[in-house]
Amino acid sequence: METSSSRLYFANIREDFWAALLEYVGTTVFLLLAFGGIQAAQGEIESGGDMSASGIQRIMYIALSMGFSLLISAWLFFRVTGALFNPNISLALLLVGVIGPVRFVLYCIAQLAGAITAAGLVLALTPGPLASNVSLAPGVNPAQGVFIEMFITAILVLAVLMLAAEKHFTTPFAPIGIGLTLFACHLWAVFFTGAGMNTARAFGPAAVTGFPHGTHWVWWVGPCLGSFLGAAFYSTLKHYRYWRLNPGQDTIDFRASPPDPVDNVKNTVARRSGSRSSKGSTCRSTVLGRTGTTARNADDDMTGPEKRLRESDGHPV
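At position 70 of the sequence shown the residue is numbered 70 (UniProt numbering), and the sequence of numbers has no breaks.
Everything labelled a hint here was simulated from the structure, so no lab data went into it.
Beta carbons: idealized from backbone N, C-alpha and C, even for Gly.
Heads up, a few of these hints could be off.
[Stated by the list, open to error] Between beta-carbon pairs, the in silico distance windows are:
no.	residue 1	residue 2	range
1	Gly214	Leu8	34 to 44 angstroms
2	Thr209	Ala232	48 to 58 angstroms
3	Val262	Glu15	50 to 60 angstroms
4	Leu76	Pro261	20 to 30 angstroms
5	Gly139	Asp260	38 to 48 angstroms
6	Phe10	Trp217	28 to 38 angstroms
Using the sequences and the hints given, assemble the complete structure.
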C-alpha cells in the first residue's frame, strides 16, 4: 500500500522537476526586479515615523516595484509553472489540493534558491548595502508583526485562489489582480514589517547579509499562518457553493444584462394605467348594476293601484 502511494506521489516527478527549475528562474526574475526597485529607492524606509512627502514617495515606489514586478513575472510564467514565486502560496495550493506534496517541496526549494540568487545579484550589481531586508519598525513588537504578515498573506493567498486557481473568463488576467493585491498590501504593511508576505522574499536578502535581525522568524510564522487562514476561507466558500449567492457573474451573454431602465419605467407606468382603467370599468359596472337592481326592487314594492296609475301615465312597469 505504501509502495503504491509512493509511486503515485512520484508519478510525475519529471514534470515536477522541470516545473521547479523554471519556478526558480521565475522567482529570480520576479525578485530581481523587485529588489532592484527597492535598491533604487536608496535603502530601507526610514524608521523614525517619517511620513513626509519623501517618505510617502518611497513607500509608493517600493509598493509599485513589488506589484508591477509580480504582475510582469506572473504573466510571463503563468502558463509554465503557475507563477507562484512564494512558498506560502505553494503551501496554500497544497492545502486545497491544487498541487501535490512532491511539487510543493520542489517549489519551496526553488523559490528559496531564487530569492537568494536575486538578492545576491542585486548586491553585486548595485552600490551600497542591500536595501531589501525586512525588519520591524520601532514600536512594532513581534506579535504585531506576525499578525500583520498573517493578514496580508491571507489576502494575497485569497487573490491567487479566487483569480487564478478558480477558472473563469477572467483567469488569463489574474496577474493584474494579484499584482494589484500585492501593491495594496505593501501600501499598508511596508512601513511596519516590510510587507514580506513571502518567506522566500524575506529569506533571500537575510541569507545574503547574514541574518542581521533577530526576528527573522516573524516572516516564517506570519505568512505560514496566513496560508492556513486564506486556504480555510477559500475552502469554506467552496463548501457552501459561493457561486449560488450571486449567480451569472461569469457569463458573457448580453441577455443576462439588466434591462433598459427607461423601458422599465414605461412598462411600470403602462401596467399602472391598465390597472386603473380596469378598476374604473369595474366600478361603473357595479354602479349600473346596483341602479338596475334598486329600480327593480322599487317596482316589486309597488301595490296594484300604484302600478295601474304608472301604466296609465305611459310608464311600463
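A quick look at each hint next to the structure:
1. Gly214 <-> Leu8: 34 to 44 angstroms: holds, 42 angstroms
2. Thr209 <-> Ala232: 48 to 58 angstroms: violated, 34 angstroms
3. Val262 <-> Glu15: 50 to 60 angstroms: With a Cβ separation near 56 angstroms, Val262 and Glu15 satisfy 50 to 60 angstroms, so the hint holds.
4. Leu76 <-> Pro261: 20 to 30 angstroms: violated, 43 angstroms
5. Gly139 <-> Asp260: 38 to 48 angstroms: For Gly139 and Asp260 the Cβ distance comes to about 56 angstroms; the hint is violated.
6. Phe10 <-> Trp217: 28 to 38 angstroms: holds, 32 angstroms
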